[in-house]
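Engineer: If you want the building blocks of each chain, they are given just below.
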Amino acid sequence: MQATIATTLDLKGLSCPIPIAKTAKTMKQLAPGELVEVLATDPGSVPDFQAWSKATGNPLVEIGEADGVFRFVLRKKEA
Amino acid sequence: MSAEVVVLGGGVGGTLTANLVARHARGRAHVTVVDETGRHVYQPGFLYVAVGQERPEKLVHDEVGLLRHDVELVTEAAVRVDPVGRSVALASGRTLPYQHLVLATGCRTVMAEVPGGEGAHDFYTLAGAIRLHEALERFAGGRILVGVAGIPYKCPPAPVEFVFLLDDYLRSRGVRESSEIKLLSPLNRAFTIETTSKLVQPILAERDIDLCTFFNVETVDPEARTVSSLEGETFEYDLLVLVPPHRGQQLIEDSGLGDARGWVPVDKTTLQHAKFDQVWALGDATNIPISKSGSVAHYEAPIVAGQIAAAINGAPAPATTYDGKVMCFLETGRGEATTIRFDYEHPARSPRPARVWHWGKALFNKAYWHTVPQGRLP
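Chains as they are written, first to last, in the numbering used here: chain A, 14 to 92; chain B, 931 to 1308.
Don't take each hint at face value.
[Said to hold, decoys possible] As a list, the in silico DSS-like pairs of lysine-lysine whose alpha-carbon atoms are at most 30 angstroms apart:
| no. | chain 1 | residue 1 | chain 2 | residue 2 |
| --- | --- | --- | --- | --- |
| 1 | A | K41 | A | K25 |
| 2 | B | K1128 | A | K38 |
| 3 | A | K90 | A | K38 |
| 4 | B | K1296 | A | K67 |
| 5 | B | K1255 | B | K1291 |
| 6 | A | K41 | A | K90 |
| 7 | A | K38 | B | K1291 |
| 8 | A | K35 | B | K1296 |
| 9 | A | K90 | B | K1112 |
| 10 | B | K988 | B | K1296 |
| 11 | B | K1128 | B | K1291 |
| 12 | B | K1291 | A | K35 |
| 13 | A | K25 | A | K90 |
| 14 | A | K35 | B | K1128 |
| 15 | A | K90 | A | K67 |
| 16 | A | K35 | B | K1255 |
In case anyone wonders, no lab produced these hints; they're calculated from the structure.
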């Protein structure tokens, strides 16, 4: 079953570590398996989200960039 | 007739802006600073109060003594700004009309937003730093956790500086060996800036300070003495020190001048309000993606003052805008420190920690009262 994005966080213009903190907060409210889409412009967010995903076990299922906007899709880990 | 310039807030940004406008538009402007307490507080000193290296009374000065004689000080709370009618309502019911308004209102800390936050200490207010120092004097060993309960917060290096100074303090009291210090960082490194993190992380390890990464504080349980993160980890503590959540002032929120957290939206180069003409904001009050620190307010004040003075003098707007410049010191303990300098275009650089930077910071802290508010330091 293809999961749809439960919520989108527009964090463009914010610099680290704000995107990580806001994503952690949102992730907490999601059900296991739900997806969150994050839009950010801070180039530092790429290594930050990769490391955060690895550290917390919430998989980073998509990562992309278009016109200076980075897009991340993370899946809430199973309980 | 003189142009009315009203500055809300008598901290570093408000005081310096008021003095510079009065100097550059002398005879053409009437500058009023509105500050509820009438006392100027040097917040970078809170850290030192917490570890017993500074006396609280050294950090407070009467605001009137820092202002030029031609700047009027109104010691009263501002309760509402009418940005359309261009006036400020004061607690007494008096109204101050303005042609130019500067929001230098800083921010407030709201530990109450953290469930169980009453169980935590902090050094983000003078009262908090005094209380923390008292707790540290009684501390006989155990686990001290230092974490971050909300972003953005003032002085991003402060938690790192605090753990280094805490290490020194506990050693001086002979209780370091029976103590554990853990720094809970919201990121995967000690500090936002990667280059500085690389510099300080080996020093943390050398001092036996444990760095715990991706720990965004969510709740505290003061009964069980535990703190839990949004990431799902929980640690026990004997003494907990948290950076409290921050938000803009109530006045900003009540007047519809800010975003959902009360941060004032401004152009990041001119510092003019995104919505209202003749309104500027600087320092901790704004929403710009740069450190909340006195250093930023210090560099922003001439930009704001320059635009206001030019408008009053009928001159073209100055070409110089705020370039995101930040310069701060970072104590690394044992009498050494480093510095962090960056701007919008240039990433941060930090020299190897050395005694000279520690003494530089100590000298700056003393010299502040005679240089920065008066505009004697560029």
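Engineer: Hints first: check each against the structure and report whether it holds.
Structural biologist: Now the hints, each set against the structure:
With a C-alpha separation of about 21 angstroms, the suggested pairing of K41 (chain A) with K25 (chain A) holds against the 30 angstroms cut-off. Proposed proximity of K1128 (chain B) and K38 (chain A) is supported: the alpha carbons are some 27 angstroms apart, at most 30 angstroms. Note on K90 (chain A) and K38 (chain A): the hinted pairing holds, with a Cα-Cα distance of about 14 angstroms set against a maximum of 30 angstroms. Of the pairs offered as hints, the one joining K1296 (chain B) and K67 (chain A) is violated, with about 45 angstroms between alpha carbons and a cut-off of 30 angstroms exceeded.
Restraint check for K1255 (chain B) and K1291 (chain B): the C-alpha separation of about 18 angstroms stays at or below 30 angstroms, so the hint holds. Between K41 (chain A) and K90 (chain A), the direct Cα distance comes to roughly 10 angstroms. Compliance with the 30 angstroms bound is thereby established for this hinted pair. With a CA separation close to 36 angstroms, the supplied pair K38 (chain A) and K1291 (chain B) exceeds the 30 angstroms bound. A C-alpha spacing of about 38 angstroms is found between K35 (chain A) and K1296 (chain B), which places the hinted pair above 30 angstroms, so the restraint is violated.
Note on K90 (chain A) and K1112 (chain B): the hinted pairing holds, with a Cα-Cα distance of about 27 angstroms set against a maximum of 30 angstroms. Taken as a hint, the K988 (chain B) and K1296 (chain B) pair is honoured in the structure, with Cα atoms around 9 angstroms apart against an allowance of 30 angstroms. For the suggested pair K1128 (chain B) and K1291 (chain B), the alpha carbons sit about 21 angstroms apart, so the restraint of at most 30 angstroms is met. Between the alpha carbons of K1291 (chain B) and K35 (chain A) the distance comes to roughly 33 angstroms, so the proposed pair goes past 30 angstroms and is violated.
Taken as a hint, the K25 (chain A) and K90 (chain A) pair is honoured in the structure, with Cα atoms around 25 angstroms apart against an allowance of 30 angstroms. In summary, the hint linking K35 (chain A) to K1128 (chain B) is supported, as the alpha carbons are separated by about 24 angstroms, within the 30 angstroms threshold. At roughly 11 angstroms between alpha-carbon atoms, K90 (chain A) and K67 (chain A) fall within 30 angstroms of each other, so this suggested pair holds. Only pairs whose Cα atoms come within 30 angstroms are accepted, and K35 (chain A) paired with K1255 (chain B) is accepted, the gap being roughly 26 angstroms.
Hint compliance for this structure: hints 4, 7, 8, 12 are broken, all remaining hints hold.
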